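Peer 1: So the chains spell out like this:
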Amino acid sequence: MSSFARFIRPAIGAWALLLLVMAAPVPSPAQQVNPTASSVNERQLLQEMDRIQGRVSIPDQRSGVLMQPAGREWREFRNVALRWIGGVAVLGMLAVLVIFYLTRGMVRLESGRSGRTIVRFNTFERFVHWMTATCFIILAISGLNITFGRPLLLPLIGFDAFSEWSQWAKFAHNYLSFPFTIGVVLIFLMWIGGNIPNKVDLEWIKRGGGLIGHDHPPARRFNAGQKGIYWIVVIGGGLVAATGYVLMFPFYVTGIEGMQMAQIVHSVVAVLFIAAMLAHIYIGTIGMEGAFEAMGSGEVDVNWAREHHSLWLDQELARTGPNDSQPQPRRAASAAE
Amino acid sequence: MARMKFLCDADRCIECNACVTACKNEHEVPWGINRRRVVTIADGKPGERSVSMACMHCTDAPCAAVCPVNCFYTTADGVVLHSKDLCIGCGYCFYACPFGAPQYPKVGNFGSRGKMDKCTYCAGGPEADGSKEEYEKYGANRLAEGKLPLCAEMCSTKSLLAGDGEIIAQIYKERVLKRGYGSGAWGWKTAYRETIES
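The listed protein sequences correspond, in order, to chains A and B. Just so we're aligned: 153 in the UniProt record's numbering is position 153 of the first sequence, and the numbers increase by one with no gaps anywhere. Just so we're aligned: 99 in the UniProt record's numbering is position 99 of the second sequence, and the numbers increase by one with no gaps anywhere.
A few of these clues could be false.
[Stated by the list, open to error] Cross-link-like lysine to aspartate or glutamate pairs, in silico, EDC-like; alpha carbons within 16 Å at most:
1) B:LYS84 to B:GLU145
2) B:LYS84 to A:ASP160
3) B:LYS115 to A:ASP160
4) B:LYS189 to A:ASP50
5) B:LYS137 to B:GLU127
6) B:LYS24 to A:ASP60
7) B:LYS84 to A:ASP60
8) B:LYS137 to B:GLU28
9) B:LYS173 to B:ASP11
10) B:LYS137 to B:ASP85
11) B:LYS106 to A:ASP60
12) B:LYS115 to A:ASP50
[To be verified] DEER-style ranges, computed between Cβ atoms:
13) A:GLN44 to B:SER131: 40 to 48 Å
14) B:GLU174 to A:ILE157: 49 to 57 Å
15) B:THR21 to A:THR254: 24 to 32 Å
The set of hints was computed from the structure by calculation and includes no laboratory data. Just so it is clear, the structure is predicted and the values come from calculations on it, not from any experiment. Beta carbons are placed, not taken as given, at the ideal position from N, Cα and C, and that holds for glycine.
Please model the complete structure; the sequences and the hints are all you need to start from.
Peer 2: Next comes the structure, spelled out in structure tokens:
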């Protein structure tokens with residue numbers, strides 16, 4: 001009996017082991033396969049990157065971006081932040097200029113007009129200036145329309161009229177960007193010589209540039225304030241041009257996030273640029289007697305040059321002498337000189 | 001009124017692109033524009049999923065919020081539509097959209113996007129329902145005929161669902177309950193700020 005048991009026990013053991021081995025890989029009905037356990041997951045993908053991208057079989061490969069919630073932050077910038085930045089910059093600058101005009105008034109020619117003039121900007125320089133300026137004003141108005149038109153202008157003129165105007169404004173904005181960019185490049189090349197900051201500028205800034213009080217700190221062809229405007233135009237103009245072309249030619253340079261960034265840079269630089277140009281327009285027109293002629297006829301009164309650009313005038317007189325070929329109707333008035 | 005939504009059950013989508021083709025054909029969408037596309041994520045790897053995506057007709061739609069000329073409107077059914085007469089083709093809705101829905105036909109001149117085109121939920125535009133003008137600008141208006149979007153109607157696996165948000169969410173929940181898994185309603189969190197718990 002015991003010998004039989006001794007024989008049968010390993011046999012039972014072997015069978016049991018075999019059953020166990022065979023049973024293991026077969027899933028029980030309770031342990032069902034879960035195909036999503038290893039599948040891609042929306043929340044996880046969005047946490048890893050700020051967008052979900054895949055493959056598409058249509059020719060437009062850019063449509064492979066499935067989801068990109070970053071647009072919500074851009075929307076917040078465009079609808080809230082930008083309106084504050086732009087509103088404060090433009091209205092703030094206007095307010096400052098109005099207050100300045102009311103308290104300081106026009107910066108007069110203290111020594112009166114001499115009647116003698118000197119060439120300040122030649123025809124080419126004035127052409128470049130006015131080409132850039134005209135483009136800038138149209139670009140500024142059509143640009144502000146995109147940000148402020150919907151809350152301010154649309155309720156006044158209605159959907160159809162506003163849309164029609166905005167359509168033309170967009171065309172103008174796109175096409176005038178080209179002469180504007182050319183203008184910025186020419187301004188950069190044309191006036192770089194006189195716009196490198198130097199020691200004279202420090203002195204000019206220290207003495208308040210003649211804006212505060214009635215001081216006339218010496219300056220060469222361009223004073224520190226004008227150099228500031230020059231670099232605002234060159235750097236600001238360069239930035240708006242570069243970012244503007246990124247937006248005008250979608251996907252040539254960047255994808256959506258890049259275009260959102262480009263729009264942010266473009267709009268912030270543009271509103272600050274507009275604010276700076278308001279100050280530039282002010283001082284070039286009603287802010288200072290005798291200043292507009294520099295870009296108008298191109299010739300300024302010698303006394304104006306002496307008060308505002310003494311070092312430049314000395315240099316020019318040493319080189320050529322004043323422009324005596326011009327009619328001199330007011331020589332008698334300034335005989336005391 | 002129903003709140004119309006799309007729901008793509010990614011566990012059922014087989015990337016057949018029938019929705020894409022149906023949409024293009026139904027609305028005679030011009031060359032180069034796709035109102036709907038199927039994106040395959042983790043293509044060829046374990047856990048690969050395909051999702052059919054078009055305009056999700058978001059709640060508080062970002063496109064409508066950023067449009068400089070306010071050309072968008074939301075219908076009583078929650079469908080986000082726009083007027084091509086008012087659109088100036090500036091591209092802003094495209095920067096704001098989380099789903100890449102707005103498309104612009106390339107018109108001859110450099111730098112000028114044409115009037116924006118996007119999924120209308122087969123609901124046309126502001127013109128009279130079923131009119132020739134509406135069809136030419138926006139495509140068919142199936143909703144006005146009492147039909148649902150064609151992409152979802154002809155989806156071979158019924159992966160893409162369209163209709164009242166509550167009803168399609170219920171259908172999806174039942175599916176998930178029955179089969180025991182589901183990778184969620186893609187895009188719902190972003191579009192409608194809600195998810196379907198599975």
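Peer 1: It remains to establish, for every hint, whether it holds in the given structure.
Peer 2: We went through each hint and held it up to the structure:
no., hint, verdict
1, B:LYS84 to B:GLU145, "violated (22 Å)"
2, B:LYS84 to A:ASP160, "holds (11 Å)"
3, B:LYS115 to A:ASP160, "holds (15 Å)"
4, B:LYS189 to A:ASP50, "holds (14 Å)"
5, B:LYS137 to B:GLU127, "holds (9 Å)"
6, B:LYS24 to A:ASP60, "holds (14 Å)"
7, B:LYS84 to A:ASP60, "violated (23 Å)"
8, B:LYS137 to B:GLU28, "holds (10 Å)"
9, B:LYS173 to B:ASP11, "holds (13 Å)"
10, B:LYS137 to B:ASP85, "holds (9 Å)"
11, B:LYS106 to A:ASP60, "holds (13 Å)"
12, B:LYS115 to A:ASP50, "violated (28 Å)"
13, A:GLN44 to B:SER131: 40 to 48 Å, "holds (46 Å)"
14, B:GLU174 to A:ILE157: 49 to 57 Å, "holds (52 Å)"
15, B:THR21 to A:THR254: 24 to 32 Å, "holds (31 Å)"
In this structure, the earlier hints numbered 1, 7, 12 are contradicted, and the remaining ones agree with it.
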